[in-house]
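Student: As given, the protein sequences belong to chains A and B, one line each in that order. Numbering-wise (the numbering used here), the first sequence opens with residue 1 and increments by one. Numbering-wise (the numbering used here), the second sequence opens with residue 285 and increments by one.
I should point out that these hints are in silico values taken from the structure, not numbers from a laboratory. None of the values given here were measured: they were computed from a predicted structure. Treat the hints with care, as some may be off.
As a list, the in silico EDC-like pairs of lysine to aspartate or glutamate whose alpha-carbon atoms are at most 16 Å apart [said to hold, decoys possible]:
| no. | chain 1 | residue 1 | chain 2 | residue 2 |
| --- | --- | --- | --- | --- |
| 1 | A | K271 | B | D908 |
| 2 | A | K255 | B | D908 |
| 3 | B | K533 | B | E372 |
| 4 | A | K35 | B | E412 |
| 5 | A | K255 | B | E412 |
| 6 | A | K255 | B | E963 |
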Amino acid sequence: MEYVTPKSASEASQALSQEGAFALAGGTDLLVKLKTRFVSPSVVVDIKHIPNIMTIKQSAEGWWIGAATPCAEIVEHDSLSKNWPGVVEALSLIGSTQIQGRATLGGNLCNASPAADSIPALIAAGATCVISGQTKEREEPVEKIVTAPGMTTLGKGEFIIGFKLPIPKNRSGDAYLRLIPRSEMDIAVVGAGVSLSLSEDGKIEAIRVALGAIAPTQVLLSGLEDIFIGKEPNDDAIQKLVSLAEKACKPINDKRGTIEYRTKIAGVLAKRAFGIALKRANNY
Amino acid sequence: MNDMTQSNLERALKIVGTRPARPDGVDKVTGRALFGSDKSLPNMLVGRVLRSPYAHAKIISIDTSKAEALNGVKAVITCADFEDFPSEFVPNGEMVVNLKDITRNIMAREKALYVGHTVAAVAATSDEIAEKALGLIDIKYEVLPHVLEVEDAERPDAPLLHEDMITIGVEPAPKKASNVAKRVEFGFGDVEKGFAEADLIVEREFTTQQVHQGYIEPHACLASVSEDGQADLWCTTQGAFVVRNFCSKLLGLSAAQIRVTASEIGGGFGGKTVVYLEPLALALSRKSCRPVKMDMSRAEVFTSSGPTSGAKIWVKIGVKNDGRITAGDCVLKYQAGAFQGAPVGPGAMCAFAPYDLENVRAVGYDIVVNRPKVAAYRAPGGPISEYGVESVLDEIAIKLKIDPIEIRLKNAAKEGTIAPYGPKLGPIGMIETLEAAKAHPHYSAPLGPNQGRGVASGFWFNIGGETSSSITINEDGTVGLTLGTTDIGGSRASMAMMASEELGVPMDLIKPVIGDTNSLGFNFLTGGSRATFSTGMTVVRSTREAIEELRKRAALLWEVDLDQVEWVDGHARLIAGDEPKTMSLAQIAKQAGKTGGPIMANCSMNVTGAGPSLGTHIVDVEVDTETGKVSIVRYTAIQDAGKAIHPAYVEGQMQGGAVQGIGWALNEEYIYNDKGQLENAGFLDYRIPVCSDVPMIDTVIVEVPNPNHPYGVRGVGETPIIPPLAAISNAVSRATNIRFNELPLSPPKVLARLMHG
Ligand SMILES: Cc1cc2nc3c(=O)[nH]c(=O)nc-3n(C[C@H](O)[C@H](O)[C@H](O)COP(=O)(O)OP(=O)(O)OC[C@H]3O[C@@H](n4cnc5c(N)ncnc54)[C@H](O)[C@@H]3O)c2cc1C
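Just chain A, with the same shape it has in the complex (with noise of 0.2 Å):
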């Protein structure tokens, strides 16, 4: 097995683009894997050496996270959490402080995990990722990079450099939460991220919910532009999310939950998650 530190993205991708090549970022799911011998590199790229892939920026057109940044600096950010609570929060949850020191985001983002914990409220957010490729750079939505548990859409020799998010408009307010059965160290059941922006007369402008756990991938709600744009939220609206939310899965029975508890479960954690989104949307 190789390691190498390429000091430019093209350079990673070069290396990227070799037989059985894996990105290395925090490494708190590669190294597991390589431990338990589910996967076996013959080069393991270390991404964190490229420029700007570890930086967290805010210009006129929003903000940039490195895809390589460590999940404990963007928790500690403080105007990035100001502008996005729900996505800092689906950080703060993963794992411990000492896996924070190192997780990432791109990393759990192409882990593609089902259950993992930012893609939800990144996706809810409305985030977007800058693709690095051995020819040229593309932005695609998050919802667009997972295809089933492990599988991405990047190509030989891609990887994500960085996330876009906008500076949210005033009055709007995102929220993730998610069902573990310990308070900790856990790996979300069910995961639901809102995000939401309101009116000046607090009418629903636009919404964006994303399911997590509950299908092979992160499910973006559809449907919800009749049920609340231009509307005072209310609890029918509520009740037809829950709906809506419970419908949008297909979940598998395993050892972290039935079928029926999961479908449960992604009704009303949508549903609180609204709840707390439209409380942060009214207070900022």
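Position chain B with the ligand against the provided structure of chain A, taking the given hints into account.
Tutor: Same frame as chain A, but now just chain B with the ligand:
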């Protein structure tokens, strides 16, 4: 004059009852302490185990030739490397073991009986080579149908694990083999008569799942056998002497040929009372003539060590309208794992033991299934049976509108009560813990919405057993203690404290160490909450003997009769004479060379008179009615310690037991798929509580001295894992008005009941 058995119950104490820092503390917090896998030797090999992928399979053939031929492989072993034994049961603490089964559990012979059952092992020069060698071992299996649950295993058409197993304890003996290894029954009176007298009868069935002790340190050992058959074994264990005896039998070595040194231990809770890797490492070392180190991965610990039983139990209790119990009856069916030996005996004995009953019966069945063989787990068997009884009692209290503590007080066992398992109880603290619970501010604190408060009590016997220890008075006035019971919960501190109290010298002059198997006579393992009680007894006695010797030496130096010298505050003092004359321990020790040589004493005994310990726990839970998630909001553990030598470590035991009980109650369970493979062999999906899952566990130590110990000590380690299961289940039942009879109370299970009743 110096009475070895004299009680200190009435004496004012200076050290015992205080909270000094533990002697082993600095090594532990600085990472210096050496645990099971922390030792290495030159030329050491790595040992690895090949495990059965099948839950039940006949082993047709094993071909190790390809593995042996691999460069770097130094030894391969299978069952052919171990002698077979006839069936014979020998007691091992609170459990019973059988060498015929042990040799089959450490290395499968005719059949593999669970996924993870050892079938071969290799020693090689590197981990990679050892792993590769495992892949080269060719085993032909004939896969057989398997059985995982007691209710399936009991059926007449169930696949048999042991074709020759005839149920013990049934008259007349069954003609046909079955998976039911044994039936036990305890009790007295006439339960039918008792039920006829009852105003209210509640009978319920309960299910508990298989759970693991969850010690953080995996099993590990390092064995070195020389060409002349002398063996050295370093391992993490609760009992070095017990390991020595098992290994000497399994390997055909004499006790003198094996020296076992126990490492520091990263938790055991009963799980490190038997052998797994140790005989394999010794056999591999003997074959390769090189040291062999082995350790288990976390997954191996789950699949292939000794968790405790899952169970089905049935409990029936009859009461008068005033809450007085007229009869108690229960049937307990415990999973033994692949070989008999479920802790159903102790489970049946203690099921109703907190209570003073006229008519009581407890029947238990020990049932083999295709799961790893169970080992002891903290109060083996007790949490399961008492969970059932304490749950039914709570339901009765609700039905009769009696306070749950009152109903327990009304029936509480006390001094003179005949225990359901036979003996008349000495002084015990059931009433005292209940009174302390009632008086605790927790018990009357208001509850929030969706919260419920549960109460449950627990009884555990505790044991004594064979013990020896020694004390040496060094020339500079310091003191050495050599102890033979593994220090699991701070016993070195407690021993030094008792010696310090007796001698009247500061504790920091006393150095307690755990000796290897050559340094003392046989010591039974640390289990049954026996260490502070039993080893403490030998420490007190040997210290008193050393004091006797110190007085003799002073008498010699002063040229007076022995009875002219008394021992006060670390000094010999001349009783008669006008001027007070004293000589310090250090002064006597310095002159030991001229007064007869080094001063030391030892004490060996088979300690009896252990005092049962009772506990009562109060817990407040909050149930999220939309998700089924149960949170522990407040928890108070109250327990009779007899005497807390080191109260902080007693509290630590109470808190640790409560936390393990919380895990058992809320989330822990072995989850098998239909192939009999364990689906959650890791701490991600086998959910022991993490710190943030539990509130600070409040503790109240009650002290009803055990008259059989010089300081009144009872064991405290096991009792605290008994009450949490029922206390939490009762709290959830009270919070939701739905009666829960199944553990764990994990979110999906609780929500299913909330949704469907
Ligand atoms: C104890 C523990 C607890 C955990 N708890 C949680 C939790 O609560 N919630 C949760 O969601 N996850 C959890 N995880 C999983 C893990 O920590 C997260 O998924 C983390 O975000 C992964 O980031 P990383 O940088 O460490 O990824 P790495 O291990 O470095 O990489 C993961 C995968 O993504 C690929 N990759 C990494 N970066 C890129 C990139 N920029 N472009 C393309 N491919 C890339 C790698 O090749 C690899 O296949 C836990 C892990 C552990 C060990």
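Student: Now look at each hint and say whether the structure bears it out.
Tutor: These are the hints, each one checked on the structure:
1. A:K271 / B:D908: Answer holds: A:K271 to B:D908 is near 14 Å, not above 16 Å.
2. A:K255 / B:D908: The given pair, whose Cα atoms are some 21 Å apart, is violated under the 16 Å limit.
3. B:K533 / B:E372: The given pair, whose Cα atoms are some 13 Å apart, holds under the 16 Å limit.
4. A:K35 / B:E412: Answer holds: A:K35 to B:E412 is near 12 Å, not above 16 Å.
5. A:K255 / B:E412: Distance ~32 Å between A:K255 and B:E412 Cα, so the pair is violated.
6. A:K255 / B:E963: holds (7 Å)
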